[in-house]
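Got chain A; can you put chain B with the ligands on it based on the hints?
These are the residues of each chain, in order.
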Amino acid sequence: MASSPPTATRPLLELEQLKMHFPITRGLLHRVVGHVKAVDGVDLTVHSGETLALVGESGCGKTTLGRCVVRIYQPTGGAIRYRDEDGSFADLTVLQGASLRPYRRAVRMIFQDPYASLNPRKTVLQIVGESLRRHDNIGGVELEQRVAELLRRVGLRPEYIRRYPHAFSGGERQRIGVARALALHPRLVIADEAVSALDVSVQAQILNLLQELQAEFDLTYLFVAHDLSVVDYISDRVAVMYVGKLVEVGSRARVFAMPKHPYTEALLSAVPKPDPRLRSAGARVRLSGDVADPANPPTGCYFHPRCRYAQDRCAVEAPPLRELGDGHRVACHFAEELELAGVAGA
Amino acid sequence: MPGGGGRDLLLEIKGLKTHFFTDEGVVKAVDGADFPIARGKTVCVVGESGCGKSVTARSILQIVDRPGRIVEGRILLHRESEEVVDLAAMAPTGKAIRAIRGKEIAMIFQEPMSSLSPVHTIGNQIVEMIRLHLPMTTEQARDRAAELLERVGIPQAGRRLDSYVFQLSGGMRQRAMIAMALSCRPNLLIADEPTTALDVTTEATILDLIKELQRDLNMTVMFITHDLGVVAEIADDVVVMYLGKVAETAAVDPIFHDPKHPYTRALHQSIPKFGDTQRGALEAIRGMVPHPFARPDGCTFHPRCESFMPGECDRVAPPAVVMESGTTVRCLLYGGSDGSGAVRDDAGGHAGTAGGEAGARAPGKGASGPRAADQGAAG
Ligand SMILES: Nc1ncnc2c1ncn2[C@@H]1O[C@H](COP(=O)(O)OP(=O)(O)OP(=O)(O)O)[C@@H](O)[C@H]1O
Ligand SMILES: Nc1ncnc2c1ncn2[C@@H]1O[C@H](COP(=O)(O)OP(=O)(O)O)[C@@H](O)[C@H]1O
Ligand code: SF4
Ligand code: SF4
Ligand SMILES: [Mg+2]
Ligand SMILES: [Mg+2]
Chain A
1 MASSPPTATR
11 PLLELEQLKM
21 HFPITRGLLH
31 RVVGHVKAVD
41 GVDLTVHSGE
51 TLALVGESGC
61 GKTTLGRCVV
71 RIYQPTGGAI
81 RYRDEDGSFA
91 DLTVLQGASL
101 RPYRRAVRMI
111 FQDPYASLNP
121 RKTVLQIVGE
131 SLRRHDNIGG
141 VELEQRVAEL
151 LRRVGLRPEY
161 IRRYPHAFSG
171 GERQRIGVAR
181 ALALHPRLVI
191 ADEAVSALDV
201 SVQAQILNLL
211 QELQAEFDLT
221 YLFVAHDLSV
231 VDYISDRVAV
241 MYVGKLVEVG
251 SRARVFAMPK
261 HPYTEALLSA
271 VPKPDPRLRS
281 AGARVRLSGD
291 VADPANPPTG
301 CYFHPRCRYA
311 QDRCAVEAPP
321 LRELGDGHRV
331 ACHFAEELEL
341 AGVAGA
Chain B
1001 MPGGGGRDLL
1011 LEIKGLKTHF
1021 FTDEGVVKAV
1031 DGADFPIARG
1041 KTVCVVGESG
1051 CGKSVTARSI
1061 LQIVDRPGRI
1071 VEGRILLHRE
1081 SEEVVDLAAM
1091 APTGKAIRAI
1101 RGKEIAMIFQ
1111 EPMSSLSPVH
1121 TIGNQIVEMI
1131 RLHLPMTTEQ
1141 ARDRAAELLE
1151 RVGIPQAGRR
1161 LDSYVFQLSG
1171 GMRQRAMIAM
1181 ALSCRPNLLI
1191 ADEPTTALDV
1201 TTEATILDLI
1211 KELQRDLNMT
1221 VMFITHDLGV
1231 VAEIADDVVV
1241 MYLGKVAETA
1251 AVDPIFHDPK
1261 HPYTRALHQS
1271 IPKFGDTQRG
1281 ALEAIRGMVP
1291 HPFARPDGCT
1301 FHPRCESFMP
1311 GECDRVAPPA
1321 VVMESGTTVR
1331 CLLYGGSDGS
1341 GAVRDDAGGH
1351 AGTAGGEAGA
1361 RAPGKGASGP
1371 RAADQGAAG
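Line by line, the protein sequences are chains A and B. Read left to right, the first sequence gives residues 1 to 346 (our numbering). Read left to right, the second sequence gives residues 1001 to 1379 (our numbering).
Don't read these hints as lab results, they were simulated from the structure. Computed from a predicted structure; not experimentally measured. Hints are supplied without guarantee of correctness; some may be wrong.
[What the hints assert, rightly or not] Quick list of in silico lysine-lysine cross-link-like pairs, DSSO-like style, CA-CA up to 27 Å: (1) 1041/B <-> 1103/B; (2) 1273/B <-> 273/A; (3) 1273/B <-> 1211/B; (4) 1095/B <-> 273/A; (5) 1103/B <-> 1211/B; (6) 1041/B <-> 1211/B; (7) 1103/B <-> 273/A.
For reference, chain A alone in the conformation it holds in the complex (with noise of 0.2 Å):
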């Protein structure tokens, strides 16, 4: 159950023209030949309370993103201003070092692949305590108290601190990076695909647990995921991203029962309804082609070349992420016209 925004919805994260460059480069010396724009300006805002989920097909640049806002990457332009529990913003791109350890155990990350994010050669303990023993300085009786507390939390046995990751499961290891991001007690999780590498019923038990936790702790979700029935089911708002820009922005329930841009359309289309008697019901939007190169984009809208809505203008001006209304943002010069299909009941 998506928990509703707290009424006053305050902004805890504000993003601003957040660009990420990844330079191209050739030959010996490494001349720049040109720029992967993976995150293209990027405007968003995050609330207190809420989860946003971001979507989007493969390579439009949902991880860069979320890799800024943690600073595994540093930004090549815009803001990341962050709201302090005081009320204050502080603009995470500029800070360095020790003035962003505070935000580096407010802003969490958990990752998508159990296997891969966590460190063969440790135990639980160490995984988990990592971050309590390095931000909080605390450590022997104490630190294993906490980790303790902090794995029952998330249902798994303290029993197992001392184990290493090769004896669980895949959805027990997701359990760890839950536990290990949580140990700080964040106030922002980004949550990479944390659930699509999972099976259905473990799927369950992990998004079950992220909402309890929510509850309990007051977080906020920053949600990246591709699987829209679990944005669906997760989510209080959506951002859709395309080729390192976005094009539509708004609650879940307008974007995915009026969706205003042909790009959601057709994701929204894609999706395998779980029911053979939908089978042939409405319309099929099919995607041709793959997502531009953020290398080399088309010109004017990006999506132009994929789009079924396209006309002469889409290919020489880009249309601007614009205001419809109750916060619904889309950039579509069309917006107002088309008459796009979304998901009954959503």
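Here is chain B with the ligands on its own, set in the frame of chain A:
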């Protein structure tokens, strides 16, 4: 399977057991699986990770990895000539199965790189496959390869013949692999999670393609997936596997609208329903798939089952019960719970709807219809 007798069968899997003899012990990956595959239909095999879906598929082609092998059971291939051959009895490296692989039965995988070579062009690989099985010149085979690439929706197919796999995107690789699998016009295409690693948008186009090919070529498809949405989209029949056995088989509609086995129901309850306005907590199946060395007694699903009946489910292995609706289910709620010796661990004896016998009914009580309140039987 749905309809019971009278359907034209292509393949029958009967009492199949495929075990892995590892240093730590025996992994009973497939442990008495029974199900038929009807000619010209799409059957989806579903179940959680580790339930034996892939090993079943690999057993059909006799490509089980060492230290695994088929230890029991039959895999009957019914040819159009009415000839019936048992694939399980063929030597894995023998001539007989090699003539079938890629020709009568072809397989595609989640990871295209496992069936496509990185060092040969797509065209050469398809040409080689065609010439292995069909009397064609290189020229003829090359034309055919180009036709196939075009058929699976690869643009500029003629030019793509000279591409290497790494030059293609994920969706294109999947298409190239399908083209290769189709090169000898197989009767049966086995697809092991071919879309799991793909984006929804690419997945949708690949599913469309498989549906279209199935219809146009009147091909039979066995499609392995854990995504019930995909099942709803493409299946005619469904096989639900749990721990190496078949929990339930039925036509796709009853699997979604009248599921019998508690495991099938639990799988449904654990997925978020797209477009559903009810946003309650998901009902995750409790616990997880047991360790392969620690198979529970009786019904292997009993430690996780909502309807567990103590003293019965943990003692008696449920026999296959064919219901009037055509569903075949292995659960004591539907019969066999008296624990009479006759229904214990039947290893395929009851499961067969072989060659159209009107359903070998399990002798247990209530075998002919579902008991009213299955949930009510919970212990
Ligand atoms: N080479 C092997 N050696 C030992 N055990 C194996 C081997 N291959 C598979 N198994 C075991 O056989 C069982 C069934 O595996 P299988 O790959 O068929 O599962 P699956 O249903 O296809 O799962 P998934 O959805 O994860 O693909 C598992 O317990 C697995 O660990
Ligand atoms: N370290 C990097 N160097 C160069 N290009 C990168 C790097 N990381 C990601 N990219 C590119 O940026 C684009 C967006 O990638 P990513 O953020 O991983 O997408 P998503 O998470 O949406 O699948 C892709 O084209 C990818 O190849
Ligand atoms: S601006 Fe044009 S090409 Fe872009 S999404 Fe809208 S209609 Fe399609
Ligand atoms: S009711 Fe008993 S026999 Fe049926 S699935 Fe549950 S545990 Fe198995
Ligand atoms: Mg990613
Ligand atoms: Mg498998």
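For each hint, the structure was consulted:
1. 1041/B <-> 1103/B: holds, 18 Å
2. 1273/B <-> 273/A: The hint holds at about 8 Å.
3. 1273/B <-> 1211/B: The hint holds at about 23 Å.
4. 1095/B <-> 273/A: violated, 43 Å
5. 1103/B <-> 1211/B: Satisfied, since the Cα-Cα distance of roughly 20 Å is no more than 27 Å.
6. 1041/B <-> 1211/B: Within the cut-off at roughly 10 Å; holds.
7. 1103/B <-> 273/A: violated, 33 Å
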